[in-house]
Amino acid sequence: MQGRWSRVVRTPLGLTATVFVVALLALACLGPVLWGADADVVDTDNILAAPSGEHWAGTDNLGRDILLRVLVACRLSMLLALMAIVLAVVVGLLLGAAPFVLGRRTGRLVTAAVNIAVAFPGILLALFFAVVFGAGATGAVMAIGLAGAPAFARLTQTLVAGIAARDYIAAARMAGVGRVRILFRHVLPNIAEPLVVNATIGAGNALLSFAGLSFLGLGVQSPSYDWGRLLYDGIAAIYVNAAAALTPGAAVLVAGLAFNLFGESVAKGLGVSVGVGLRTVATTRAVVAAEPEAAAHDDEDVPEPSSDVVLDVRDLEVTFPGPAGPVRLVRGVSFEVRRGEAVGIVGESGSGKSMTALAITRLVADHGRVDATRLDLLGTDLLAPDTAVRRRMLGTSLAMVFQDPMTSFNPTRRIGAQLAEVATHHQGMTRREATARAVDRLTAVRIPDAATRVRQYPHEFSGGMRQRAMIGMGLMGKPSLIVADEPTTALDVTVQQQVLDLLTAIREADDVALVLISHDVTVVGEVCDRVMVMYAGRVVEDLPAADLATAARHPYTRALVEAVPDMATDLTRPLATIPGRPVSPADAPVGCAYADRCPLADARCRAEDPPLVADSGRHRVACWHAGEPLPPVRMTDDLVETVESL
Amino acid sequence: MAMSLTAESPTAGPAVPGERPWARFALRRLGRLLVSLWVLVTASFAMIHLIPGDPVRGALGPTAPVELVEARRHALGLDDPLATQYLHYLKGLFTGDLGTSISSQLPVSDVVAQRLPATLSLAVLAFLGAVLVAIPLGVVMGVLTRRGHGRRTELAFTTTSVFVATVPDFLIGVALIYVFGIRLGWFPVAGDETASAYVLPVFSLAIGPAAILARIVRVEMVGVLEADFVRTARAKRLPARTVYLGHALPNAVTAALTLGGLLLGAMVAGTVLVENVFAWPGLGSTIVQSILTKDYPVVQAIVLVYGVGVLVTNLVVDVALAVLDPRSKIRED
Ligand code: SF4
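Sequence lines, in order, name chains A and B. Residue numbering for the first sequence follows our numbering, starting at 1 and increasing by one per position. Residue numbering for the second sequence follows our numbering, starting at 647 and increasing by one per position.
In isolation and in its complexed conformation, chain A is listed as follows:
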């Protein structure tokens, strides 16, 4: 407890607020004692004087010193505000705890009443009560206190509801302990802290509101005076002595802010961690910037790709700032995709497969950094700065399908409009033409009654239909490459196959290349010509899909294939699993990243990272012991979780 409170004063803001609050409290105690008499001294020769050495803030219409009056008024202002806030908290507590004590039926009535009251602004409630109780300090305390009560009632209700659901409350009830007793013994002690914090913030607001009411003439009446009353008198004389209005105004503001900030600091100090320090981020940024260009562009040595290469990726690196310095999520990935070819990228989460997909489509969040010695789509350098021409080219020839079709459509716009804007922006169509094209494309992706569907919103589509519409959106242009990042993962099993079939059909009809990202080696094996297996940001094997089951050479690929149940798998036995956890990209080891989980790992594996080398034809593998026989697979069900993390 001590430690948590001391955290409040440790921030500069919290310390300042605390100092101010303490100073205000001291002033409230001492002000009237020290200057109470002087503040009432009438000096008729010196009426409404401007600020001077004698009267720092000038004098009022009876020649009394404004500054002294402001200092003395501190006590009354704060006292009244505190009384009002105590009233608000007490009434709020009673109303808020009522549903708990009175049971469901009556409780609901109270809740409804509080909800209605909360809908009206505080000043309106305050005016209402000011009428009932009459103009004056007492009336104003009642007015502000009761006007603030509904908000505290709402807060109490929420807090109580949270506590009441706990087991020990249920147990106490079961044991026949009375509701009121439970409230005092178990509930109130648990909600006291947030209530006190909110009351502190509320005290600041009450102070400001009180000044407002007194300023309207509805609060403190002459000859008593608080800051609001001084402001009321001062504003009448603002042309003659502006300080008469400005000084009490400033006092109100400072006090109100001090209590507000103090409350906020207490809330923060008592709460959980205050978030990441600014300095950490700044440092990592500097590191990123200071790092020498990792990959220099030297296009000369690289032979021109054969003309049917759609996508050409060399030494792709994706780096993000992390708490302990830059993290390389993709570490030197190279591959080509040819016209009409389907390439699958498989890996666990954190393998860098999705980041690779985002990098080749230039959609990496812009605090991440993408480097490559070559990143060409249809001969256009994707690393070059963005231009309208390039946007048009990418917008029509590169399509992207995302994992979750629910969140990937804009919920506030009609499906038709979201498809059509591709055509209006990139193909120069009118809105009408573009909508016609959208209907045509939705029909092409087998959405029935597309003419009606274009006018619907995403939430009116089923999941499978949304994903097909997303593919249809990619077909608004004339894509040469579709990048699909886990396109079926978020879908119901029954529609997964439909989406895969659709992708295959499009590919075959128009010779479109496909990059399919998936954690599921079966899906990739079924749809793709070629499979790249990624591990810890690197490609560890690249092989024809047909060879997956028979000719995979990397121990990791082989383990992935093993883990897939097939007709021959004895389902009564636990599935083969890959022991250990995937390595985090932040601490990839010097040697082979898979070494910790690899049954073939030896000293060399741990010391040197194996390069990705082509062995026969288009089969590439990165392993010192590629193709060597594996020891018998361990089958333990306590490792099943690893498969689930895939």
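Hints should not be assumed to be uniformly reliable.
[To be verified] Covered stretches of chain A, as calculated for chain B (at least 3 residues, CB under 8 Å):
| hint | region |
| --- | --- |
| 1 | 212-226 |
| 2 | 239-246 |
| 3 | 251-260 |
| 4 | 358-365 |
| 5 | 402-409 |
The set of hints was computed from the structure by calculation and includes no laboratory data. Even for Gly, the Cβ is constructed at its ideal location relative to N, Cα and C.
Knowing the structure of chain A, use the given hints to seat chain B with the ligand on it.
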């Protein structure tokens, strides 16, 4: 896997065309409005009866002759049984008869009709001003401080806006009068005769809400810019302007609108203080005068007008939300 299954569950499935979410939404919303209205009317009726002592004696002062007090009591219908008075009150409201002012003897409806336009124009102008400043500011700040960007800008903006939002409107008013009315003499500081007289009151009313609104828009914008559909918009290679304004903004603004509605309600009431700072001839100065002179029929009527203003604002905001964000009406079901 469980997640993907729920995504296909019937609730998230395609909406059945014959289902009428709009009608149900409108009915429910109307019900809530009627209950709140009834509470408001009853509270304003009860107000005069909650006052300790005799309100008429209070209004006329201790020196007024007993006969006059009796006559006035009778004229106000305060001698009737409570239920009868209540029915009269309701009937009066339906026929637009809000009673007679004790001090001026004018029909209260005339007083309200005469004072309402000044208050309304002040509140509406301030609201429009706040929205027109806050949304662009929030959007720009959101883009500048999106994930991984502008930490210092964010800190400076948040601190400033929190500070500005804490200063009550009447203190801003006093400060504006001092600086622009007295020191610089650019704008009139009282009344509503000229267009330039609107400047200072509108500003003092708008600044706080604008700061709050801009802060919300920024936070929402930062969140929305992380959303999948913004990535989709980028994948479509739309120009940045279209991504921000066409896709992100409509989604960021719904939350801002909810809050804006509350702010507008608060602004209607906030006119009370600002009107008194600037001697603005609206409902706000009238209600304060009437409270001080204990002219209860006028007070009752103005409390009603303010309350109805707040309720109607909330209704408009809810409807606007439902139109802007087609999911919101579904979400409530
Ligand atoms: S290099 Fe060594 S540790 Fe890495 S996969 Fe091959 S055998 Fe295993």
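Tested hints:
no.	hint	verdict
1	212-226	holds (count 5)
2	239-246	holds (count 4)
3	251-260	holds (count 5)
4	358-365	holds (count 3)
5	402-409	holds (count 6)
Taken one by one, the earlier hints all hold for this structure without exception.
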